[in-house]
Structure formats: C-alpha cells, structure tokens
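Put the two chains together into one complex; each comes in its own frame, and the hints tell you how they fit.
Heads up: the protein sequence lines correspond to chains S and Z, in order. Quick note: the first sequence uses this note's numbering, first residue 1, plus one each step. Quick note: the second sequence uses this note's numbering, first residue 1001, plus one each step.
It should be emphasised that the hints constitute simulated quantities derived from the structure, not laboratory data. Please note: incorrect hints may appear among the correct ones.
Derived DSBU-like pairs: lysine-lysine, alpha-carbon spacing no greater than 30 Å straight-line [what the hints assert, rightly or not]: (1) Z:K1068 to Z:K1049; (2) Z:K1061 to S:K9; (3) Z:K1049 to Z:K1061; (4) Z:K1049 to S:K9.
Some but not every residue of chain Z turned toward chain S, in silico, with C-beta under 10 Å [as the list claims (entries may be wrong)]: (5) Y1032; (6) G1041; (7) G1043; (8) T1055; (9) L1056; (10) N1098.
Idealized CB from N, CA, C, for every residue including glycine.
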Amino acid sequence: NAGVTQTPKFQVLKTGQSMTLQCAQDMNHEYMSWYRQDPGMGLRLIHYSVGAGITDQGEVPNGYNVSRSTTEDFPLRLLSAAPSQTSVYFCASRGDRGGNQPQHFGDGTRLSIL
Amino acid sequence: AQSVTQPDIHITVSEGASLELRCNYSYGATPYLFWYVQSPGQGLQLLLKYFSGDTLVQGIKGFEAEFKRSQSSFNLRKPSVHWSDAAEYFCAVAGANNLFFGTGTRLTVIP
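Same shape as in the complex, but just chain Z (with noise of 0.2 Å):
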C-alpha cells in the first residue's frame, strides 16, 4: 500500500540558512511524487511534482527537490531560506484515486 513518511515534525531554521525536509515514500511502481505548502489558514499550494525523467526537479519559490530510488526518498531543499518560507509542508505519492500524504514537517524561520 502506499503511504509517505515526514519524520520530521518540525524544523526551525535561521534565515538564509539552507533546508532540506525529509520525505520517504512506499509505492510498489514508479511513483508520482508531489511537494506542497500550507500556510497558516490557507489551503495547499503545489511547490514541485516528479513523475519521471529528470531526478532533480525544480519547483517555485526557489525549491528543488531530488527523488532517490534507491533510498524511496524526494527530499524538499532550498539554500537560502526566507522568513516568509515559514509554514507547514506536505509530501505526497498519487495513487489511482487519492494522494497520500505525510504527517507534514512545520517550519520555523528565525531571524
């Protein structure tokens, strides 16, 4: 069954500092694989998707993302994170009807 492992329930970073967000997912073929952004109140904002090709992808915001086969992992990065980057972020894996998320990762930005 598919399903997606955050480990990390919050992170706190310094501004300008870099960040990668943890994601590991099960899935038994080639998964689809989504980054979104919750900010407080708001609904989710897609950052970046994989679905084949190029295992480096990049999305807005100045976020990238890297899908390692090998380790079942699409890891969100960004080097210089903004204040206004705080917020709570979601992985995904699409399935045939449903996207399943993580548990999410809450950021905190601190000047």
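Only chain S is shown next, with the shape it has when bound in the complex (with noise of 0.2 Å):
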C-alpha cells in the first residue's frame, strides 16, 4: 500500500534552474495538493487539483505551476528556481472533494535553491 509517493526525497539546484516535483497516489483520490513547509510557518498551500483536467491556486501560488492529466499524478514545476524556494514541499491527497476527509500526505521533498 503505496499511498501518496514523491520523488525525489532531496533536491539541490541553482538559481534559475527548473525542475518538476512528482507526486503519485494509488488509492484514486480525487482531491490531491501540494503544501511547503517552512520553519515556524506550518504547512501553506500552493496549488491544489478537485480532479483531472481541475487545478486552482492555494495561499502561496506564485513561481510554481501545476497540472492534473490523470487522477493518480499531480506534479509541481519550478519553472526559474529562486532562494526563496528552498523548503520542505509535501504532497497530499483525500478521497472526497468537500474538505471533510483527512488528507494523506507523502514523505515530502527536501528542496535547497543555492
């Protein structure tokens, strides 16, 4: 029972690069999203997808962009890497799309920008 797995678990890029976080879920949720974590911030949402073909901006959308081809993947793209994007990114999903359900998240991705 895989439940929501990301890839890769560690990251290091340069300024400017780009690069897509995966995201993957086999327990075909509807609702899948993806949250940074910064320290004494808790976790913020940055996009979030009600389903395939549907994607919406969270909290903190800006630098980073999503898409939802399928129930099961939910990538997040970097397009131009900035410092202030070194996080933790953690991915999650739930069975409904009303927001009553607990979300599951995956490990989450250690992301440092230099």
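Here's what the structure looks like:
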C-alpha cells in the first residue's frame, strides 16, 4: 500500500534552474494538493486539484505551476528556481472534494536553491 | 477567515508524564479539526479528527482531543508520554479546499 509517493526526496538546484517535483497516489483520490513547510510557518497550500483537468491556486502559488492530466499524478513545476523556494514540499490527497476527509501526506521533498 | 493558533512552540515533558498541547481555531461554521504528527524527516501522520458529535475524540497511539466550541479550542492530550512521542505536532482546520495549519508544537521527551 504505497499511498502518496513523492520523488525525489532531496534536490539541490541553482538559482534559475527548473525542475518538477513528482507526486503520485494509488488510492483513486480526486483531491490532491501541494504544500510547502517552512520553519515557524506550518504548512501553506501552493496549488490544489479536485480532479483530472482541474487545478486552482492556494495561498502561495507564485513561482509554481501544476497540471493534472490523470487522477494518479499531480506534478509541481518550478519554472525558475529562487532561493526563497528553499523548503520542504509535501503532496497530499484525500478521497472527497468537499474537505471533510483527512488528507494523506507523502514523505516530502527537501529542496535547496543555491 | 480560517486560522489555527498553537501557542506553544516547544514543550518538554518527562517520560510517563501527562501531556496537553493547545490549539485554538478561528472558523465561522462547525469546524472540521485534525491533529497530525510529524517525526523528523517524515511526512505528516493523522492522529485524530473531529467532524461532529462526541466532543472527546480518540486517536491512534493513545492520544485524545477535546473540542470546546465555547473556547474555540481543540487540545490534544495523552495521559502518559512515551519517548517515541517526541515529534512535531500540528493542529489543522479544514476549509473547502485547504487545510489551515498551525505553526506546530515540538515535543521533547526526557527520560
């Protein structure tokens, strides 16, 4: 039972580079989301999706793009990495669109931008 | 707007002692509340949730939480802490498309 799988676990980038953080879930969940975790700030929502082909912005979307072509996958793209994007990124999913069910989290991707 | 406050950044308790982690929320309607635990280098694991009904909810690992609408609180408790409980704990309230997290409480357990 894999749940939510994130790759890579660690990544170091130079300023201006681009990369994609991968997220896959095998629970057939409609809702998927990306959070970033910064010290003293808890987790903040970057983007979310309520189903294939549907995405929307969260609290801190600037500098990030997402797409949802399948139910299983929800990649997060950094188009031009900046040091302010150094963070731990978590992908999560839940079975309903409405917000009542708890979210299942991946183990995170630790990203450093030099 | 929804928000969560965890007033204690860091708590230290002795193994075997009781524990209470505080959480206060702001939400206009009946809240859906969660407690998550995060061990170092790991993702978040759900401890328990409150949707409605009984205000005292039981979770995994011997944790419980009490919802008090009059105080806008959802405090997490455990009667006897184990060394393996050392972690960071997050309280969260659900919005329509978001989870609003508190800033977390780091728990240290001393022998």
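Taking 10 Å as the limit, does the beta-carbon of Z:N1098 come near enough to a beta-carbon in chain S?
-> holds (5 Å)
Holds or violated: Z:K1068 with Z:K1049, Cα cutoff 30 Å?
-> Given pair Z:K1068, Z:K1049 holds - Cα atoms ~14 Å apart, limit 30 Å.
Does the CB of Z:T1055 sit less than 10 Å away from some CB of chain S?
-> violated (17 Å)
Would the pair Z:K1049 and Z:K1061 pass a check requiring their Cα atoms to be no farther apart than 30 Å?
-> holds (14 Å)
Holds or violated: Z:Y1032 as interface residue toward chain S, Cβ cutoff 10 Å?
-> holds (6 Å)
Does Z:L1056 pass the interface hint, meaning its C-beta sits closer than 10 Å to a C-beta of chain S?
-> violated (18 Å)
Against chain S, with CB atoms and a cut of 10 Å, does the hint on Z:G1043 hold up?
-> holds (4 Å)
With a cut-off of 10 Å on the beta carbons, see whether Z:G1041 makes it to chain S.
-> holds (8 Å)
Keeping to a limit of 30 Å between CA atoms, is the pair of Z:K1049 and S:K9 held or broken?
-> holds (28 Å)
Pair hint outcome, Z:K1061 versus S:K9 [Cα-Cα no greater than 30 Å] = holds (27 Å)
When the structure is compared with the earlier hints, violations turn up for hints 8, 9 and for no others.
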